[in-house]
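Engineer: Protein chains in written order, with our numbering: chain D, 640 to 886; chain X, 640 to 886; chain Y, 640 to 886; chain P, 640 to 886; chain C, 640 to 886; chain B, 640 to 886.
Any copy will do: because identical chains look the same in the list, a pair fits if it lies in one copy or spans two.
Keeping only pairs whose Cα atoms sit at most 25 Å apart, straight-line, the calculated DSS-like set for lysine-lysine is:
| hint | residue 1 | residue 2 |
| --- | --- | --- |
| 1 | Lys645 | Lys793 |
| 2 | Lys793 | Lys828 |
| 3 | Lys784 | Lys828 |
| 4 | Lys645 | Lys863 |
| 5 | Lys784 | Lys721 |
| 6 | Lys793 | Lys721 |
| 7 | Lys793 | Lys863 |
| 8 | Lys863 | Lys828 |
| 9 | Lys645 | Lys721 |
Worth flagging that the hints you see were computed from the coordinates, not collected in a lab.
There are 6 protein chains.
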Amino acid sequence: MFLHRKELIQPVNVGTPDAAFGQLLLEQFGGATGELTAALQYWVQSFHVEDAAIRDMLQDIAIEEFSHLEMVGKLIAQHTTKMDQTAVGRAPLFAIKGVGPHLIDSQGSAWTAAYVNEGGNVVRDLRANIAAEAGARQTYEALIKHTNDSGSIKVLTHLLTREITHAQMFMKALDSMGKLTDPFFGTIKPDETVNVVFNLSQGEDARGPWNQAPFEYVEHPEPKGGFPPPPVNPDDERASAKPTRRH
Amino acid sequence: MFLHRKELIQPVNVGTPDAAFGQLLLEQFGGATGELTAALQYWVQSFHVEDAAIRDMLQDIAIEEFSHLEMVGKLIAQHTTKMDQTAVGRAPLFAIKGVGPHLIDSQGSAWTAAYVNEGGNVVRDLRANIAAEAGARQTYEALIKHTNDSGSIKVLTHLLTREITHAQMFMKALDSMGKLTDPFFGTIKPDETVNVVFNLSQGEDARGPWNQAPFEYVEHPEPKGGFPPPPVNPDDERASAKPTRRH
Amino acid sequence: MFLHRKELIQPVNVGTPDAAFGQLLLEQFGGATGELTAALQYWVQSFHVEDAAIRDMLQDIAIEEFSHLEMVGKLIAQHTTKMDQTAVGRAPLFAIKGVGPHLIDSQGSAWTAAYVNEGGNVVRDLRANIAAEAGARQTYEALIKHTNDSGSIKVLTHLLTREITHAQMFMKALDSMGKLTDPFFGTIKPDETVNVVFNLSQGEDARGPWNQAPFEYVEHPEPKGGFPPPPVNPDDERASAKPTRRH
Amino acid sequence: MFLHRKELIQPVNVGTPDAAFGQLLLEQFGGATGELTAALQYWVQSFHVEDAAIRDMLQDIAIEEFSHLEMVGKLIAQHTTKMDQTAVGRAPLFAIKGVGPHLIDSQGSAWTAAYVNEGGNVVRDLRANIAAEAGARQTYEALIKHTNDSGSIKVLTHLLTREITHAQMFMKALDSMGKLTDPFFGTIKPDETVNVVFNLSQGEDARGPWNQAPFEYVEHPEPKGGFPPPPVNPDDERASAKPTRRH
Amino acid sequence: MFLHRKELIQPVNVGTPDAAFGQLLLEQFGGATGELTAALQYWVQSFHVEDAAIRDMLQDIAIEEFSHLEMVGKLIAQHTTKMDQTAVGRAPLFAIKGVGPHLIDSQGSAWTAAYVNEGGNVVRDLRANIAAEAGARQTYEALIKHTNDSGSIKVLTHLLTREITHAQMFMKALDSMGKLTDPFFGTIKPDETVNVVFNLSQGEDARGPWNQAPFEYVEHPEPKGGFPPPPVNPDDERASAKPTRRH
Amino acid sequence: MFLHRKELIQPVNVGTPDAAFGQLLLEQFGGATGELTAALQYWVQSFHVEDAAIRDMLQDIAIEEFSHLEMVGKLIAQHTTKMDQTAVGRAPLFAIKGVGPHLIDSQGSAWTAAYVNEGGNVVRDLRANIAAEAGARQTYEALIKHTNDSGSIKVLTHLLTREITHAQMFMKALDSMGKLTDPFFGTIKPDETVNVVFNLSQGEDARGPWNQAPFEYVEHPEPKGGFPPPPVNPDDERASAKPTRRH
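Between the sequences and the hints, there should be enough to build the whole structure, so can you do that?
Structural biologist: Written out as structure tokens, the structure is:
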């Protein structure tokens, strides 16, 4: 059961409203790396994760992300309180769609659940979450660099901070399963190629620990699969589907 | 510059064509966790990653994923070579759209770049890639469990194996930067709340290393943000926009 | 600030798990008429609605809808606890994407914020909400008709009931502004055609109070706009863009 | 059967072409609240609405909306006849995609049928239509406020007027069924909670007729559903899927 | 200005309702190759095509396609008049979303204007239209092969016929401009590589008139572009963005 | 099997970085008419095309298009190497999402496989490809007209040239089957209306070879289909679904 208190989880005080910056902030309200993606991803995961403690963690963080979505929404609302001619010219989106937040990103694309990465296995879910946190953090850094409003910077820095907190929590959870630094999970045994790496993009090659021993590096990979059989079209009409070339 | 050889990187030999299983395989051709997502994600990242060795790794793996996309496509093509009445009834998709692979998932949704997670920072990119590999591996496991065709199982097991290989490579790369187990990256200093965790979903709480010391656990979080100011609509028309209630 | 309690707002007890019915239930989790659409629509509206009491109502109902989304998610989770061969055959979606709810509709399409209808004016918002409730109620009725599981029917009937409650609340709010039965709102004065209705689809015409007095019914409408000027292409290249026909 | 006359249903005469305003106008050509949404929504409804008179009304209005879509298209075409350097700088969309209307909104997002709200029940359909008209009217008001071109204002005011006309017609139709002010419709009997309202967003609560008698107001709602059972993963692999934590 | 007559442009009489076939028919109502795509594509083109005669043709055909969309809608409506248990089991889409047509394809994906191909040049438009007709014809052929209902076959054969008619008309129009068999159009002069063709997919090569003289065939293409400069990240933070590898 | 060489297929040298132009270039990276659409369309077709020579051609061209996608990506990367305040103001997209290419179009919409046109028949595929080339060429022309950077113009002119080359190759292939100028293909015999053309958009009619002999021109088309039967709702609840009008 959800509950809501009208006080914000942390204060939001914009100094100088700037609708164009408000539009950029949409990236964290209705964008791919935004709080809605995080909140829904973690919360949906909690429906299938069997470990009670990890499930509890997912719900705790999901609810915090909903509270952060609210903070971002309030930031946008405050940045769109002055829609003079300049503001309208720079951010016509709010003139057409109304002020305040909308479920779109900074380019006006509607939020889609295609952003959400979850399903079937808790290790997969937690890795998806570390990625989600990294994307969110990155966008907050970009936003902080493009405003001078100290009130906005304070809020965005807090939100960025919390993404690091969450990333750390997800790392701890993975680590508790031994899966933070171990690529393997699940029940299927890999085949014998698991340590082979291929130099498929050639020229100015540069190496690193990811293609040195114990990896077996194949400098000039060759196809092992042979020529595949030609396509078969099961309802092939001889007369017309097969081209009768005129040359 | 891209080059192509018609031989497959690894063999693909389906024993018993099964169009319904072919439809499930679309999940890894045009689906969220599929090879196209991986190939394009890593390859697009390579345009902005400055470290030459990591960039080379991203390109090497991207090209392998394109070669895997080709293998999945061949699997689907072979599974749709017999479209008798039963096959059409179970997988009408191929009867309507034609046999062979299409850029849609197992539910018929068109592939979208919203699945791709990249941009702005190599740590963010590599974390996104570990997540992508985990999703791909999970779907391959699900596919393997739902077929009895040994030829298909062999191919899918190889593709699953390679996702583990790639995950390991991405982990090595992150580790070489000290970012595999360190949640922090980027240039913005977190605020003082970085170690605080909130019990926002209450009841049957369960704890783990993610909310024990050194984390500071807040069992009954309270809002710190106060009541936000009410919305301001800058082009407020007094007469009609403000509701004049009749009660 | 959001809070969550792990107890459900109302009980959810499925008698006989049926994965195919679970798939239909996705329509109310990640579908157009589902609880996520309602929850987010009302909540986003609350960021720009100036009337404090209506804003409070929007938030109250939004939070209830989140709690209902949780109930629908639990219904789906319970319906996908038995994935035997029959269940997999009828609902392969859960075999591929994992059991439990996902943010997709019953046809596998990802939820999109394009479903959300809000912005700029409280009357518009409330009318959108009455429409949203009607769509949700209609889908619940369809779901109830396609299951025999009494536990599911009980839950779905409750959720349907609450949509009626919410519809009534939105109607009361509109009525308090005098806008439940008055088509007019906003600040722009309509032109002189406001009472004219056109018979533009002709044959077997049937009339009703919507095209009788005081409406002025035009039985054989004629264009009033004259021929529009031909298109002008501002960077028209005379030589090639203008077709030089060979006949 | 559709027919078309090249004369417009009403005149469209732009005084001063302004490509940036032309881009805003796309919102009503290929946007969520635009004429295409309305035309297709009402017309698709007419395929399942059984009442002949309401079906006729839906078709009459749908055809008018197609004629309005044509007017909006002509407005955009006229606003994009002068693509000098300033115009290109402010509305590069037309420089890249060509002048005249496209099936995208003012932010460049492709029109999607996810905007369309219809199906299964005429009351649901009519409520969706009143919402659609309100959205369209709201966007027309926003557009009128952001242009000084009297020719454009005249056209937009007419189009806004007609949305009010249509809203009134849909209201009349709902009223003829007794469903304009009655939230109930359909065949499922609500449960006993139909008059209960919950104060789920707490703090600075404000009341209105929507949560006063005859509604039963629950000021401090408690969960009634108890703790749900934990998730069950039917193809649970004991060995690896269940996390074996290391702490 | 649009007009509508309730009589269909051609008769539609389904013999035996089959909801599953009705679902397949959605491909031509709300699918990529369907009548809505064609109708809107040609009609939107007419707003920017300057040649009056071709513009008239585009409008004539667009209006016919709207009339065909109506026929497909009626086909679907008739195929969904018997929703017994078998029909619901095979086509639950109509049980959930209501009977009759919806703006989705046979897999349940919402129609999107991303299917529409138009803009900027009449030659481009006409080539897009020939492609659209070919796609529509192909889907009609697939549909005809998957029904035994003679009434449906008659309707679908007519609709397929008209796609051929339209293709022929578009070919005539292109031919009148000398652009049916001439690849060149527009105002930019190609560079010197226009006749070079590359053998970039190697192995089991097969040749045809498209890579024989006058084409210059490059059997073993080599990169001509040299190594590109490495990426430059303009807001590069030396300290943290550049990975400091630990090996 | 895919291979990659880090040298570009042709050189890419931007003289003056211009982030706003870089944003326009996204249209050919992640937009409808871009290189990704072409590459994937031709390559996916190759999985079902049975003619070995045409299949080889499709693969050759697909691989070239991937190489062109790489060139466009490098163009964008070079145009976003200077993100000073002006650049950020004109192209904030790169400030938020990171520099370099992304899989979105110039308006920020994610690439979707809905752009891809393929399936079931090689004639259909080749016609789709000629259309794809025409769209790509048109966008390149638009881009060339909106930059003064000679390095960019050189690259774009080359890419435009290759679209003409490919169009010519596809035309040769169609011609080899006798399908370049013959609208008919496939196995279904058209009905007797194949030469009839309808004047459905009336007023200022203009004629051309597409509606002159041997076409039979119907100047005043009448519906031939009669009135369709009214909709039937199979689970019609007499009591409530059928409106009981109150007038």
